[in-house]
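Number of protein chains: 2
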Amino acid sequence: MNLTVLGSQGAIPKLGKYSTSLLLNISNSNILIDCCEGVQHQLRKYKIKLSKIDIILISHAHGDHYFGLIGLISTVSLLKRDKKLIVFCPTSVLKIIQSHIKHSKMRLNYDLELKSLNNQSEKIIFEDFNFIITAFPLKHSVYTNGFRIEEKKKRRKLLLNKAIEFKIDKVYFNKLTKSENVLNQDGEEIDYLKVTTEGPKSKSFAYCSDTAYFDKLADYIKCVDLLYCETTFLEKDKDKALSTLHSTTTDAANLANKGAVKQLLIGHFSSRYDDYSNFLKEVKVIFDNVILSEEGKKIQV
Amino acid sequence: MNLTVLGSQGAIPKLGKYSTSLLLNISNSNILIDCCEGVQHQLRKYKIKLSKIDIILISHAHGDHYFGLIGLISTVSLLKRDKKLIVFCPTSVLKIIQSHIKHSKMRLNYDLELKSLNNQSEKIIFEDFNFIITAFPLKHSVYTNGFRIEEKKKRRKLLLNKAIEFKIDKVYFNKLTKSENVLNQDGEEIDYLKVTTEGPKSKSFAYCSDTAYFDKLADYIKCVDLLYCETTFLEKDKDKALSTLHSTTTDAANLANKGAVKQLLIGHFSSRYDDYSNFLKEVKVIFDNVILSEEGKKIQV
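Going line by line, the protein sequences match chains Y and B. Numbering-wise, the first sequence is residues 340 to 640 according to this note's numbering. Numbering-wise, the second sequence is residues 340 to 640 according to this note's numbering.
Pulled out of the complex, with its shape left as it was, chain Y reads as follows (with noise of 0.2 Å):
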């Protein structure tokens, strides 16, 4: 699993920095979560094929979160995507979608699912055989939703030695790894755990943007290996996070620690701040193992 920043931004993008987007390569498969205006250039510029991209989650209606979203549905159409695209977005930004395309006369070469969200509580949006997707209702000014994605429980790696020791056919080897107990050529059950051991951790990471604190946040977070919240804003400026239902420094750092996360990915900058310094170090004084988000950084998880 590892995850590339294309826009660190908040609302205003600035000079060659992007408002938010991120893509999560899962299982060998890309998610990109919320689509800024010029997500289709970030891509290229990080050498980052389009025609990759399997699904799209956006979080909420605010421009910043989506803009970018329609240019890219059109642009893997003229290069001539086949296979489907399925883009996760609130009612809001499914009813912009469909206007575009309805009232521009946009013929797709590829069939997109739009699929709306509307759930007020936790809910299992995908799955595949590797992972699952969880969205979760945050705190903003619109609705919006968060996501939980993580791998499936990993097989068991065989131990070769032993099962041969243990007289057990290959034909049987997928079955051990799944965790199963099979018959070996002397007829005997043989017990799986004999003869594997533990498989790759299962990976996950959370998304929380645009978000205000508040305590249930930590239980759809619990535990990810990699969470991303945003820090819209610094300690100082904290009264403008309450009154715009956004995160500081401190609420994120607090979420990272009361979920227990294994590492924090902290953005959405508001375009007030040029020295993003200070966003690390009032993270580090709660939560230390912290990252900044910045254009083009890929993080393995």
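Hints are computed from structural coordinates only; laboratory data are not their basis. Treat the hints loosely; a few may be bogus.
Which copy is meant is left open, because identical chains are indistinguishable; a pair holds if it fits in one copy or across any two.
Computed cross-link-like contacts, BS3-like style, restricted to lysine-lysine with a CA-CA straight-line distance of at most 27 Å [as the list claims (entries may be wrong)]: (1) K579 x K555; (2) K462 x K579; (3) K509 x K620; (4) K636 x K356.
Chain Y is already provided as a structure; the job is to place chain B on it using the hints.
Just chain B now, kept in the frame of chain Y:
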């Protein structure tokens, strides 16, 4: 009058290259012509203040010409614009923008005047003391307008020595520059031609994108100082130009010739080409005074 190229490409942008947008500075007003995705980033890159834009013209409802409009509308509001912004666009684009504003509950600080274009023939759409904007129909796969923007006739220049010699009181100098005769201190009528010379020449610009060539187009752009004409395709791909209702190098060159324009700017290049020198070569066979669109290029008219 000067023009800045913000994007040189057709529908599919490239690394570092944007779809079509131009900024025209005329008599201290700034007119943005078409808004590709990322146009606000391009304006920043070329140090053009977003607040300076007075009028936006949108030719048609294809994404490469309008996807950046909503981002600009939103960002200038966040940057606390308070003066009016006038946008002329097809009804389809107007409906898309209204859908964004409604569904994302966008609140704007300033007066956004969205003016729907649905003229089927040449029509003056804007006029102030200094310039006139005329929209005219192009020939494309959706409803599309070209635009002609002309400085009004400039005042004559006073010959001060002559005015004194003819005993004209200075309160009449203003009238003389407006080509009016006046009475001098002896009560004699003085012909303005005797005490003024012609003022600076009024400049004009025309924009044709996207369009197939048609004969009447030359009338709409007759004798402009600078003509922007799209050349999506080289001559070898003229079958593609015909089927998609775009222009080739030859079409643009013939138009410039037939319209007796002074200078031709070409752009909206298809992403299939990497070497743009062929565009110049092909045009120059027919029309010599031609410039290539390139991001950041500034043309003094």
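Hints broken by the structure, by number, lowest first? Violated hints: 2 and 3; rest satisfied.
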